[in-house]
Structure formats: C-alpha cells, structure tokens
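Chemist: Residue numbers (my numbering), protein chains in the order written: chain A, 241 to 434; chain B, 241 to 434; chain C, 241 to 434; chain D, 241 to 434.
Simulated from the structure, these hints should not be mistaken for laboratory data. Please note that the accuracy of each hint is not assured.
A pair holds if it fits inside one copy or across any two, identical chains being indistinguishable in the list.
[Stated by the list, open to error] Okay, derived cross-link-like pairs now, BS3-like style, lysine-lysine, Cα gap no bigger than 30 Å in a straight line: (1) Lys426 to Lys308; (2) Lys243 to Lys375; (3) Lys308 to Lys375; (4) Lys243 to Lys430; (5) Lys308 to Lys430; (6) Lys375 to Lys426; (7) Lys426 to Lys243.
Protein chains: 4
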Amino acid sequence: MNKNRMEALTDGIIAIAATIMVLEIHAPDSFTFESLRDQVPAMIAYLISFLLVMLSWYSYHLMFLHVKRVDLRVYLANTIWLLVLTGIPFATSWVGRFSNNWQPELTYLLITALWAIMYTVTSHALERANPELKKSVNQESVMGIIFRYTMLVGSLILLPFWPPIGLFSTLVLMIISLMFNFRDEKRAHKNHSI
Amino acid sequence: MNKNRMEALTDGIIAIAATIMVLEIHAPDSFTFESLRDQVPAMIAYLISFLLVMLSWYSYHLMFLHVKRVDLRVYLANTIWLLVLTGIPFATSWVGRFSNNWQPELTYLLITALWAIMYTVTSHALERANPELKKSVNQESVMGIIFRYTMLVGSLILLPFWPPIGLFSTLVLMIISLMFNFRDEKRAHKNHSI
Amino acid sequence: MNKNRMEALTDGIIAIAATIMVLEIHAPDSFTFESLRDQVPAMIAYLISFLLVMLSWYSYHLMFLHVKRVDLRVYLANTIWLLVLTGIPFATSWVGRFSNNWQPELTYLLITALWAIMYTVTSHALERANPELKKSVNQESVMGIIFRYTMLVGSLILLPFWPPIGLFSTLVLMIISLMFNFRDEKRAHKNHSI
Amino acid sequence: MNKNRMEALTDGIIAIAATIMVLEIHAPDSFTFESLRDQVPAMIAYLISFLLVMLSWYSYHLMFLHVKRVDLRVYLANTIWLLVLTGIPFATSWVGRFSNNWQPELTYLLITALWAIMYTVTSHALERANPELKKSVNQESVMGIIFRYTMLVGSLILLPFWPPIGLFSTLVLMIISLMFNFRDEKRAHKNHSI
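I would like the entire structure built from these sequences, with the hints used as guidance.
Modeler: Pasting the structure below:
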C-alpha cells in the first residue's frame with residue numbers, strides 16, 4: 241500500500257484528536273477570572289493529553305522513518321492505535337470534570353495504557369512486514385517497558401487513595417520518556433545514523 | 241487535474257469525518273461507571289463506523305494506487321462518495337441513541353449501502369479515465385458483490401424483527417471484507433505485483 | 241514561499257470547512273422519520289454548500305496547477321478567500337433553519353458572491369506573480385462572468401418574493417459551472433494541454 | 241526526524257485551530273438582522289484571530305523553508321508553540337463575548353504574546369540544529385521586537401481605561417507586521433535569494 245497516504249491520513253486524525261479536546265474548554269459565562277477557576281482541572285487535563293499525543297507521535301513517526309513496506313496488518317494495527325487515540329478526548333473531558341474521582345482517572349490510565357500496547361503491536365507488525373531491518377523499529381528498551389508497567393501498576397494501587405495519580409503519573413512518564421528520547425537522539429547523532 | 245491534491249483533500253475529509261463522530265460521545269455528568277452505561281450503544285456505533293470508514297479507505301486508496309490520470313468525472317464521483325461519507329456521523333449518532341428502532345438502523349444501512357454504490361461508481365470513472373489499465377481497479381469480485389447485496393437484502397428483511405441487525409450486519413460484512421483483503425494482499429505479494 | 245505547504249494548509253481548511261457543516265445536522269431526539277422532517281431544509285442547505293465548496297475547489301486548484309511562484313500577495317488573497325469560505329458554514333446553518341426568510345438567504349447569496357470575488361482577486365494576484373504565463377490562470381470566460389452576475393442580480397430582485405431563490409440559484413449556477421468545466425476539460429484533453 | 245511529516249502535522253493543527261473558532265459563531269435563533277447584532281463582537285474577534293493565525297503561519301513557515309535539519313528540541317518548541325495556539329480559540333471566544341472587560345482582553349493579549357515568545361524560542365532551536373546557516377532564520381529585526389513589546393506594554397497600561405485595546409492592538413500589530421513582510425519579500429526578490 242501507499243505508505244505516504246497512510247501517514248498523511250494518520251497525521252490528519254492525530255491533528256484533529258489533539259485539537260478537538262480544546263473545544264471542551266468553553267469560555268465561561270462571566271468575564272471574571274473567578275469564573276475561570278472551574279476550568280483549571282480541565283485545562284491541566286488538556287495540557288497533559290495534548291503533550292502526551294504530540295510526544296507519542298514523535299516516537300511513533302520515528303518507527304516509520306526507516307521502514308519501506310507497510311501492509312494491511314500494519315494498517316490494521318495503526319487503525320486500532322488511532323481508534324484508541326480517539327478515546328483520549330473523551331477520557332480527558334471526563335477526568336477534567338471529575339479529577340478527584342477514581343473512576344475517570346482509572347479510565348484515563350487504562351486508555352493511555354491500551355494506547356501504549358497498540359503502539360507495541362504496531363511496532364511488531366512493522367518488523368514483520370520489513371524483515372530486512374537489522375534492529376528493532378521500536379526504540380523502547382526492556383528497562384523502559386519494565387519502568388512503564390511498574391508505574392502503571394503503582395498508580396493503580398495508589399488510585400483509591402489519591403485519584404489524581406492517574407493524570408500525574410501520565411505526566412511523569414511523559415517527562416521521563418522525553419528525557420530518554422533526547423538521550424537516544426544524541427547517541428544516534430554521534431553514530432551518524434539519523 | 242492534480243491527483244496528489246485530490247487525494248490529500250479526500251484524506252483530510254475522511255480524517256475529519258472519522259474523528260468528529262467521537263464528539264457525540266460526551267463525558268457523562270457524573271463520575272460513576274453507571275453513568276457511562278447510557279453511552280455504550282453510542283460507543284459501539286462509533287466503533288463500527290470508525291472501523292468501517294478506515295477499512296473502506298484502505299480499499300479505496302488501493303484503487304487510486306496504480307492509476308495515473310484523474311479527471312473531472314472521477315473528481316465528481318469522489319466528491320459524492322465524500323458527501324455520502326459525511327452522512328455517516330449523522331447516522332451513527334442517530335443509531336447510537338436509538339439502536340433498538342428500525343428507522344435509525346434502516347437509515348444507517350441505506351447510507352452505508354449508498355456509500356458502497358458510490359465506491360463502485362468511482363471505480364468505473366477511474367477505469368474510464370485510465371483505459372490503458374489492463375485489469376479492473378476495483379478489486380471486488382462478483383462473488384463479493386453478490387454476497388454484499390444478499391447481506392443487505394437479508395438485513396432489510398430482518399430489520400422489523402431485530403433492529404440492531406443494521407449495525408451488526410455492517411460489522412460482519414466488514415470482518416469478511418477484511419479477510420478477503422488479507423487474502424488479496426497475500427496473493428499480490430506472491431505475484432510480486434505490489 | 242513554499243507553494244506546497246500553502247496548498248496543504250489551504251486544503252486542510254477547506255476539508256474542515258466542508259465537513260464541520262454537517263455537525264449542524266443533529267440526530268433528532270426521537271427515532272421516527274417524522275422527527276427528521278424538521279432537518280430537511282438544513283440537509284438541502286448542507287448538500288448545496290458541500291457541493292459548492294468541493295466544485296469551487298476544483299476550479300481553484302486548477303488555477304494553481306501550472307503556476308510556479310506564489311508570493312505574499314497571493315497568500316494574502318488566498319487567506320481572505322479562506323476567511324470568506326469559513327463564513328459559509330455559518331450562512332448554511334442560518335439559511336437551513338430559516339430558508340423561507342430573505343435575510344438568511346440574502347446573507348448566503350452575499351457570502352458566496354464575495355467568495356467568487358475573492359476567487360477573481362486571487363487569480364489576478366497569481367497572474368501578477370507569474371508574468372511568464374501566456375494565458376490567464378483563471379479559466380472563467382467573460383460570458384461566464386456576465387452570466388454569474390446576471391444571476392446574482394436577478395436573484396436579489398426575486399428574493400423578497402421567493403426567498404429560497406438564494407439557495408436555488410446557487411445550485412443552478414453550480415450545475416452550469418460544472419457543465420462548463422466538463423467542456424473545458426474535453427477541449428484541453430484534445431489539445432493535449434493537460 | 242522527518243521534517244515533512246512534522247510540517248504536515250503542524251499545518252493540520254493550524255488548519256483546525258483557525259477553523260474551529262468559527263463554530264463559536266452560531267446561527268441566531270431568529271431570522272432578523274437584529275438577531276445578528278449580538279454576534280458582531282464575536283465576528284470581529286474571529287476575524288482578527290483568523291488573520292493573526294494565518295499571517296503568523298506565513299512567517300513561521302518561512303523560518304523552516306531553508307532549514308534542513310529538525311531535531312527533538314525543535315519539535316518540542318514547535319509543540320509548545322502549537323499548544324499556545326490552541327489557546328487562541330478559547331481566548332477568542334471569551335473576548336468575543338466580553339469585549340468590554342479587561343479580564344478577557346488581558347487573557348487574549350497574554351496568550352498572543354506567549355505565542356510570539358514561543359515563535360522566538362522555536363527560531364533559536366532551529367538555529368541551534370542548523371549551525372551551518374549563515375544568517376538568522378528568524379527575520380524579525382531588533383526594531384521589530386522593540387516595537388512589538390512597546391505595543392504590548394502600552395496596551396497593558398491602557399487596558400483598564402479602554403479594554404478593547406487588546407483586540408485593537410493585535411490588529412494594528414498584524415497590519416504593521418504584514419507591511420514589513422511585504423518589504424522583506426521585495427528586498428529578497430531583488431537579491432534573488434527567494
């Protein structure tokens with residue numbers, strides 16, 4: 241299939257999913273700053289989700305960078321990855337309204353975890369379609385995966401005691417993942433491989 | 241005309257149509273999981289419609305893959321195909337709210353059937369504009385077409401007795417169509433034609 | 241400037257403007273077909289506006305097809321063309337709700353007329369930026385322009401007596417314009433110029 | 241990373257952010273022109289914001305035009321630039337409803353100022369990633385920067401006395417910036433550098 245068109249369709253859906261979340265933050269019915277106060281949790285949830293989508297896109301697009309062949313299996317994995325992504329605006333809106341309740345926070349955690357799983361599934365489909373690639377297309381290390389799931393399990397345990405751990409652990413995971421991305425880029429730059 | 245720009249505009253509209261459907265699934269006014277229960281039919285309708293749009297796009301983009309020339313007739317057929325597509329969010333929203341009534345289910349069935357018809361119309365316009373193509377651009381076999389319309393007529397007959405057949409038969413048709421796509425890709429891969 | 245990026249941004253805005261209009265057609269609060277009846281004028285207005293945007297895009301993209309240089313003047317004209325375009329969803333929504341009143345119909349007529357004027361302004365900016373082009377980039381003939389403005393003036397006169405003339409004359413103009421486009425394409429095909 | 245995909249994702253988000261603002265201008269519940277009157281401030285705010293986004297895009301895309309390498313630092317700066325951009329629809333909607341109050345006008349001013357700051361941050365990241373570039377990628381002169389911040393401070397001082405200065409100074413700044421862009425393009429054209 242046409243890799244470029246698949247990438248363009250994917251980027252279109254990502255751009256929309258990242259942007260429509262902001263529609264949930266309505267202008268208040270009054271001109272005072274006090275009227276903004278109710279929107280602060282929704283703004284924080286939007287901020288985290290927007291950065292999550294954009295930073296995940298960065299890793300995701302890197303996977304496709306050196307790959308030549310995409311097939312129906314890759315397209316299907318990519319489609320389900322996108323389907324889970326379109327659940328993030330819903331989860332963000334819900335958690336933004338009830339950030340102190342464990343049900344929306346749990347939903348948010350599970351959707352972002354499912355999204356990470358679909359990321360791995362897509363990377364396997366990509367490797368299968370491109371057997372000539374020497375190293376894995378998915379840069380995530382075993383250490384990274386262990387860390388990610390330890391954080392998830394830890395957050396699930398803490399959730400009943402402090403519900404905002406859902407959003408908070410997503411933010412922490414994102415910052416750590418960003419630091420690893422910077423390190424990987426520096427290494428790749430030294431090896432002239434990018 | 242410029243094939244690339246037509247494809248990019250088409251992909252933009254598809255990305256938006258596939259994604260705005262999720263806006264219909266509002267975060268509930270309460271934090272409980274019970275409050276999500278009312279949204280379940282809407283979520284199922286969204287899931288089916290999103291996959292329908294994405295999998296139809298796959299076949300649709302294959303049609304254009306080896307084609308060199310697009311003309312006004314192709315563009316017009318593509319435009320009406322897109323127009324019918326933009327009816328899917330409406331039908332999905334309606335069927336998601338009243339999934340046990342035959343009127344929304346019938347509307348959903350008819351819009352998706354009309355969409356399939358416009359697909360065939362576009363394939364004929366493409367063949368007409370590219371007479372040098374040896375084989376048909378539309379991969380759908382006679383068997384596939386007979387099956388599709390048998391399913392449609394069968395669903396229409398069952399509709400008064402079990403309205404959800406509308407969404408359900410769309411899902412079944414999609415899964416079967418996906419299996420055929422996998423088979424076609426495997427064959428094409430053997431023949432080195434992709 | 242980068243012509244490809246300008247075209248991509250333009251196509252993105254057109255795709256969104258054409259598609260968000262359908263968000264105005266909400267699923268009714270009941271499952272009966274009777275409840276759809278109130279939406280019929282909105283659906284007709286959407287149908288006409290969607291086709292208007294898509295067919296105008298066809299002519300518009302042809303203007304840019306053989307052009308090499310776009311400058312700030314072209315970009316500015318294109319931006320105002322897009323700004324007027326984003327008024328069409330508003331006018332469509334208003335005329336769809338009050339199709340028997342001259343005020344929304346007049347607004348619709350004026351916005352689409354202003355859009356046609358910005359089309360001509362953009363074509364002049366394109367010719368100015370590309371003086372080496374032998375023939376005009378704007379294919380619209382003098383006959384076509386006279387016809388367009390005669391229709392507009394005629395519709396304005398008839399508006400107080402039969403308000404739906406606003407939408408109706410847009411549809412007629414679109415069909416005639418489409419016929420001319422088919423004729424032009426046939427001619428160009430004979431001359432091997434496309 | 242892939243510069244083209246980053247640009248395409250960026251343009252997608254810009255196209256959506258510029259267009260969804262118009263969704264805030266609802267068709268009135270009556271057919272009279274009087275009913276439009278309440279929407280006039282929202283329309284003016286939309287007009288200014290749409291032009292601001294489109295004209296900022298022009299300068300922004302110029303920065304990337306001759307640049308070869310984008311890295312994670314550039315991507316991160318670009319992402320935060322986009323994040324601030326998605327705050328403009330919110331600020332536009334609020335200032336459009338309460339254009340005579342200093343709180344929404346101040347918010348509007350601060351978000352657009354923050355956007356300009358992120359523009360500069362992105363330009364520094366671009367220069368860092370492309371040390372071989374002889375001249376600065378950011379065309380903004382020292383004069384321009386002094387002027388911009390003088391206008392901002394002046395507007396902040398005048399804000400309590402005449403709140404609409406927020407929107408008004410944005411418009412003035414935009415027109416002046418446009419004039420400078422025209423001058424720069426003319427100069428570059430003479431030097432054959434574009």
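Chemist: Look at each hint and say if it fits the structure.
Modeler: So, going through the hints one by one against the coordinates:
| no. | hint | in the structure |
| --- | --- | --- |
| 1 | Lys426 to Lys308 | both (24 Å within a copy, 17 Å between copies) |
| 2 | Lys243 to Lys375 | both (20 Å within a copy, 23 Å between copies) |
| 3 | Lys308 to Lys375 | both (14 Å within a copy, 26 Å between copies) |
| 4 | Lys243 to Lys430 | both (29 Å within a copy, 20 Å between copies) |
| 5 | Lys308 to Lys430 | both (24 Å within a copy, 18 Å between copies) |
| 6 | Lys375 to Lys426 | both (18 Å within a copy, 25 Å between copies) |
| 7 | Lys426 to Lys243 | both (28 Å within a copy, 18 Å between copies) |
When the structure is compared with the earlier hints, no violation turns up for any of them.
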